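The residues making up each chain are set out below.
2 protein chains.
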Amino acid sequence: MQLKREGIPYIISAPSGTGKSTVCKILLERLANLKISISHTTRAPRPTEAHGKDYYFVSEEEFKKKIEANAFLEWAKVHNEYYGTTRHSIEKIQNDGYDVIIEIDVQGAQTLRSMSFEGVYIFLLPPSLKELKNRLTKRSTETVEKIEQRMKVAKKEIAEYKNYFYVVTNFEVEDTVYKLSSIMQAEKQKMFRYVPTSPDLESIINPQDT
Amino acid sequence: MQLKREGIPYIISAPSGTGKSTVCKILLERLANLKISISHTTRAPRPTEAHGKDYYFVSEEEFKKKIEANAFLEWAKVHNEYYGTTRHSIEKIQNDGYDVIIEIDVQGAQTLRSMSFEGVYIFLLPPSLKELKNRLTKRSTETVEKIEQRMKVAKKEIAEYKNYFYVVTNFEVEDTVYKLSSIMQAEKQKMFRYVPTSPDLESIINPQDT
Numbered sequence: 116m117q118l119k120r121e122g123i124p125y126i127i128s129a130p131s132g133t134g135k136s137t138v139c140k141i142l143l144e145r146l147a148n149l150k151i152s153i154s155h156t157t158r159a160p161r162p163t164e165a166h167g168k169d170y171y172f173v174s175e176e177e178f179k180k181k182i183e184a185n186a187f188l189e190w191a192k193v194h195n196e197y198y199g200t201t202r203h204s205i206e207k208i209q210n211d212g213y214d215v216i217i218e219i220d221v222q223g224a225q226t227l228r229s230m231s232f233e234g235v236y237i238f239l240l241p242p243s244l245k246e247l248k249n250r251l252t253k254r255s256t257e258t259v260e261k262i263e264q265r266m267k268v269a270k271k272e273i274a275e276y277k278n279y280f281y282v283v284t285n286f287e288v289e290d291t292v293y294k295l296s297s298i299m300q301a302e303k304q305k306m307f308r309y310v311p312t313s314p315d316l317e318s319i320i321n322p323q324d325t
Numbered sequence: 116m117q118l119k120r121e122g123i124p125y126i127i128s129a130p131s132g133t134g135k136s137t138v139c140k141i142l143l144e145r146l147a148n149l150k151i152s153i154s155h156t157t158r159a160p161r162p163t164e165a166h167g168k169d170y171y172f173v174s175e176e177e178f179k180k181k182i183e184a185n186a187f188l189e190w191a192k193v194h195n196e197y198y199g200t201t202r203h204s205i206e207k208i209q210n211d212g213y214d215v216i217i218e219i220d221v222q223g224a225q226t227l228r229s230m231s232f233e234g235v236y237i238f239l240l241p242p243s244l245k246e247l248k249n250r251l252t253k254r255s256t257e258t259v260e261k262i263e264q265r266m267k268v269a270k271k272e273i274a275e276y277k278n279y280f281y282v283v284t285n286f287e288v289e290d291t292v293y294k295l296s297s298i299m300q301a302e303k304q305k306m307f308r309y310v311p312t313s314p315d316l317e318s319i320i321n322p323q324d325t
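If you read the sequences in order, they're chains A and B. One point on numbering: in this note's numbering, the residue at position 25 of the first sequence is 140, and numbering is uninterrupted. One point on numbering: in this note's numbering, the residue at position 79 of the second sequence is 194, and numbering is uninterrupted.
Everything labelled a hint here was simulated from the structure, so no lab data went into it. Any given hint could turn out to be false.
To be verified - Covered stretches of chain B, as calculated for chain A (at least 3 residues, CB under 8 Å):
| hint | region |
| --- | --- |
| 1 | 272-282 |
| 2 | 307-313 |
As the list claims (entries may be wrong) - Derived lysine to aspartate or glutamate pairs resembling EDC-like cross-links, with alpha carbons at most 16 Å apart:
| hint | chain 1 | residue 1 | chain 2 | residue 2 |
| --- | --- | --- | --- | --- |
| 3 | B | K267 | A | D315 |
| 4 | B | K277 | A | E206 |
| 5 | A | K248 | B | D315 |
| 6 | B | K180 | B | D169 |
| 7 | A | K305 | B | E302 |
| 8 | B | K271 | A | E302 |
| 9 | A | K303 | B | E302 |
| 10 | B | K303 | A | D315 |
From a predicted model like this one, the values you see are computed outputs, not experimental measurements. Even glycine gets a Cβ: it sits at the ideal position worked out from N, Cα and C.
Just chain A, with the same shape it has in the complex (with noise of 0.2 Å):
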């Protein structure tokens, strides 16, 4: 009668620098139940990345063939490298019970939205700009050129905090794990995800299958 509950898969966005990796690196300790979308790349693996565990790192020629067999939920180009989630990266996870987080950028989170992808929209944001431009300065051995560019970006991406349904301020780790713990507890509560937990509340809520 039970039935096995489908994954729900968490969108997660943000601005370069404000800590999701982080973050989501965390919550994928903590949380038995929940796993990450592996993207595909044509980039060159950097020295502690695993195929297959980071990213599954493969050829243009690869990638491109893909594209053409509609592999791919969401793909993009960005600066001069490929990158994309295949709709069997996810659906897999999903099939076999998990939640999955798809980390994705403003941009394929809003080709998800476009093709009516059901999922939770969540945004990260950090508590200002000034603080951002302070992480993105002492984690990165960029230029202030590239560091001005990702600023800009930024500001682009921030705008559209309003196509999520979810807005977490990333002021602190913890503070941050903890309320995206609380969200994804609260998604698993929502009415529509009820099954019934014994034959006589069953017998209740579907009459008509007893």
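With the hints as your guide, set chain B onto chain A.
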């Protein structure tokens, strides 16, 4: 620039015996920003009950005056006694910036809904009818007939769960408190409740205001 947030109303219903009061009591002890709306009633206080804490105990005459003055968001006559929630009791809490629990039966919640009262509608369920009957039998000194009557009402109420936004099964108190706290935190993160946390973000989000 930062606006004072108006408190969120949580309308919580549950069949009698589900454990709603226990769970709400713990939430009120733990969440500093949460209060409960206090109803008016014409019934006599029980030995453990205090005026202004459990209920406002009023005469039938006073109650009827309030009905005429349109003071009640909703009211009902049950077993010859009046029960009602005044607009003032909720608005006062909200305006002070507190979130507010409105413990109310299915019929009362339906009244609030029919007048488009904006809030977060949550339904608590027992794990099973069998378990509900156990709880009613254990806790009460009521007759078998009275318990059967409560079970009959419970079945009707449970069939209304679809009118609520969230559904939480009360398997165990701490688990339910966790789920309700999560819902309350998640609601605060809803996009439409986002308030910019710095002037530089404000200038992006509400450019016309600056």
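Outcome of the hint check:
Given as covered by chain A, the region 272-282 of chain B passes the check, having 8 residues with a CB less than 8 Å from a CB of that chain where 3 are the minimum. With 3 residues having a beta carbon nearer than 8 Å to a beta carbon of chain A, the region 307-313 of chain B meets the requirement of three or more and the stated coverage holds. Taken as a hint, the K267 of chain B and D315 of chain A pair is honoured in the structure, with Cα atoms around 13 Å apart against an allowance of 16 Å. Proposed proximity of K277 of chain B and E206 of chain A is contradicted: the alpha carbons are some 28 Å apart, above 16 Å.
For the suggested pair K248 of chain A and D315 of chain B, the alpha carbons sit about 12 Å apart, so the restraint of at most 16 Å is met. As the CA atoms of K180 of chain B and D169 of chain B are separated by approximately 21 Å, the hinted pair breaks the 16 Å bound. Proposed proximity of K305 of chain A and E302 of chain B is supported: the alpha carbons are some 12 Å apart, at most 16 Å. Using a Cα cut-off of 16 Å, the hinted pair K271 of chain B and E302 of chain A is violated, with the two alpha carbons roughly 26 Å apart.
For a cut-off of 16 Å, the pair hint linking K303 of chain A to E302 of chain B stands: about 13 Å separates their Cα positions. For the hint pairing K303 of chain B with D315 of chain A, the CA-to-CA distance comes to about 35 Å; that exceeds 16 Å, so the pair is violated.
Checked against the numbered hints above, the structure violates hints 4, 6, 8 and 10; every other hint is satisfied.
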